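> Line by line, the protein sequences give chains E and R.
Our numbering puts the first residue of the first sequence at 1, with every later residue one more than the last.
Our numbering puts the first residue of the second sequence at 339, with every later residue one more than the last.
Simulated from the structure, these hints should not be mistaken for laboratory data.
No experiment lies behind these values; they were computed from the predicted model shown.
Heads up, some of the hints might be wrong.
In the DSSO-like style, the derived pairs of lysine-lysine whose C-alpha atoms are separated by at most 30 Å in a straight line are [as the list claims (entries may be wrong)]:
no., chain 1, residue 1, chain 2, residue 2
1, R, 363, R, 382
2, E, 298, R, 363
3, R, 388, R, 363
4, R, 382, E, 335
5, R, 382, E, 39
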Amino acid sequence: MNRFSYLRATSIDEAMREAAADPTARFIAGGTNLIDLMKYNVERPTRLIDITRLPLNGIEETESGGLRLGALVTNDETAFDSRIQDRYPLLASAIQAGASPQLRNAATTGGNLLQRTRCYYFYDPETPCNKREPGTGCPAAFGRNRIHAILGTSDHCIATHPSDMAVAMAALQAIVHVRGPGGERAIPIADFHRLPGEHPEIDNTMLHGEIITSVELPPDGFSRNYTYLKLRDRLSYAFALVSVAAALRMENGTIAQARLALGGVAHKPWRDPAAEAMLQGQPATEDRFRAVADHILKDARGYQDNAFKIDLARRAIVTALSQAASGTPQSQIDKRIQ
Amino acid sequence: MNASRKGSSKLETVPVTLTVNGETKRLEVLPWTILLDLLRDHLKLSGTKKGCDHGQCGACTVLVDGRRLNSCMAFAVMKDGAQITTVEGLARNGDLHPLQQAFIDHDAFQCGYCTPGQICSGVGLIEEGRAHTRDEIREYMSGNICRCGAYTNIVDAIEQVIGADAEAGR
Numbered sequence: 001m002n003r004f005s006y007l008r009a010t011s012i013d014e015a016m017r018e019a020a021a022d023p024t025a026r027f028i029a030g031g032t033n034l035i036d037l038m039k040y041n042v043e044r045p046t047r048l049i050d051i052t053r054l055p056l057n058g059i060e061e062t063e064s065g066g067l068r069l070g071a072l073v074t075n076d077e078t079a080f081d082s083r084i085q086d087r088y089p090l091l092a093s094a095i096q097a098g099a100s101p102q103l104r105n106a107a108t109t110g111g112n113l114l115q116r117t118r119c120y121y122f123y124d125p126e127t128p129c130n131k132r133e134p135g136t137g138c139p140a141a142f143g144r145n146r147i148h149a150i151l152g153t154s155d156h157c158i159a160t161h162p163s164d165m166a167v168a169m170a171a172l173q174a175i176v177h178v179r180g181p182g183g184e185r186a187i188p189i190a191d192f193h194r195l196p197g198e199h200p201e202i203d204n205t206m207l208h209g210e211i212i213t214s215v216e217l218p219p220d221g222f223s224r225n226y227t228y229l230k231l232r233d234r235l236s237y238a239f240a241l242v243s244v245a246a247a248l249r250m251e252n253g254t255i256a257q258a259r260l261a262l263g264g265v266a267h268k269p270w271r272d273p274a275a276e277a278m279l280q281g282q283p284a285t286e287d288r289f290r291a292v293a294d295h296i297l298k299d300a301r302g303y304q305d306n307a308f309k310i311d312l313a314r315r316a317i318v319t320a321l322s323q324a325a326s327g328t329p330q331s332q333i334d335k336r337i338q
Numbered sequence: 339m340n341a342s343r344k345g346s347s348k349l350e351t352v353p354v355t356l357t358v359n360g361e362t363k364r365l366e367v368l369p370w371t372i373l374l375d376l377l378r379d380h381l382k383l384s385g386t387k388k389g390c391d392h393g394q395c396g397a398c399t400v401l402v403d404g405r406r407l408n409s410c411m412a413f414a415v416m417k418d419g420a421q422i423t424t425v426e427g428l429a430r431n432g433d434l435h436p437l438q439q440a441f442i443d444h445d446a447f448q449c450g451y452c453t454p455g456q457i458c459s460g461v462g463l464i465e466e467g468r469a470h471t472r473d474e475i476r477e478y479m480s481g482n483i484c485r486c487g488a489y490t491n492i493v494d495a496i497e498q499v500i501g502a503d504a505e506a507g508r
């Protein structure tokens, strides 16, 4: 690991100012991804700004009737908060599906959104990687790519964003609040992460020196008809091969509103508003769910090791929509899929 | 907090105060010192084990302010002021922690390398109070890998302590 200087920030302004003054500075909170990347020499910050003492750690009601999660609230605190469990059980479920109790005790709301891909090549500085070193190539496209993307890839990068939390937040249309030298911004989560395109080195639309202050959850938590279905190589403590967050509003057996977000398949949580519109006003039938899945996956592209994900995603979408429609969300304890 | 800004060839340490197993330690640490290495190499508390060193196996689990964490994924300097409990700090007045005793009763280890992490994680799980069934114990212990495969007996040991606590109304 490289050496670095350390600052324990005592105010948000100080943290922003110090970051803006040094392009290689990084904020650190839970550290569960950054420290790992530093151990592999993927990240080599010369200065770490410890933001854990900043006042960004509460869960509060918003004026519109939603909840605001401070950037430093841990994943464990969020997942087991009674207001989150009652009003946003999709988010609680997705977080419980991710990582381990130890990691969830450390990992924070902001850090979870900012975690990097777990692409094997990104993690190995001995290999080329356009995300780590722009212009060097993407060995994953022609190498081992079981965990990689099938939607929204580019010639430059086929990495996935590994978060479960962000997938649920995408379905809930959360808003990421950031503060920086240019002032405050509210970024809809759909615009927060980006597709790789020609610049896979850029994961999201934040600017250097900006800091996430909170994530706002809109009032509608879809708490009656939801599920988070995560499929992976072992039943716990593994990243998603495919995950589906489904949130429905049912009226008299008909779908009045539908939200669907996929994890493990793209460089960002994958939404498809046209597919969601196909469910609106429709009865909850498997035929309709299959048509929606086909629509979402019509442009999917499989690579050597991950072509199975296309069919897996198709079946996962159908199962998740059925679970959500029937009000029987996937248990994150008993992993049998009903 | 006084770490050198940049370009200094002298390595500047940062003062850190930790309460480790009830004992207050005033330390000077380099910013990149990992908590696990501080415990093992500086404080000679080698009960906590280094397994994968990447937050994937749980062998390094300790309790920080009562919550279980991977000590391999934490800079010591960031834990200034924290209360840390390692496996060495679980016994009270020479009596093993009930979970330590339960691990012996149930033969819940073979090689023993993951055991300190399993026990600290299990103590954290019991404190959290969320696990009531074997399935819940298994899920909430999923951050601790045992390559010998002693899982069944580990669940037995934790179940015994949770059951005894429930009976005693704790």
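> A separate judgement is required for each hint: does it hold in the structure or not?
Each hint tested on the structure:
1. A distance of roughly 13 Å separates the Cα atoms of residue 363 of chain R and residue 382 of chain R; the hinted pair therefore holds under the 30 Å criterion.
2. For the given pair, residue 298 of chain E sits about 60 Å from residue 363 of chain R by alpha-carbon distance, which is inconsistent with the 30 Å threshold.
3. Annotation: proposed proximity of residue 388 of chain R to residue 363 of chain R holds, straight-line Cα distance about 22 Å (limit 30 Å).
4. Our distance criterion of 30 Å between C-alpha atoms is broken by residue 382 of chain R and residue 335 of chain E, whose separation comes to about 41 Å.
5. Restraint check for residue 382 of chain R and residue 39 of chain E: satisfied, since their Cα atoms lie roughly 23 Å apart, inside the 30 Å limit.
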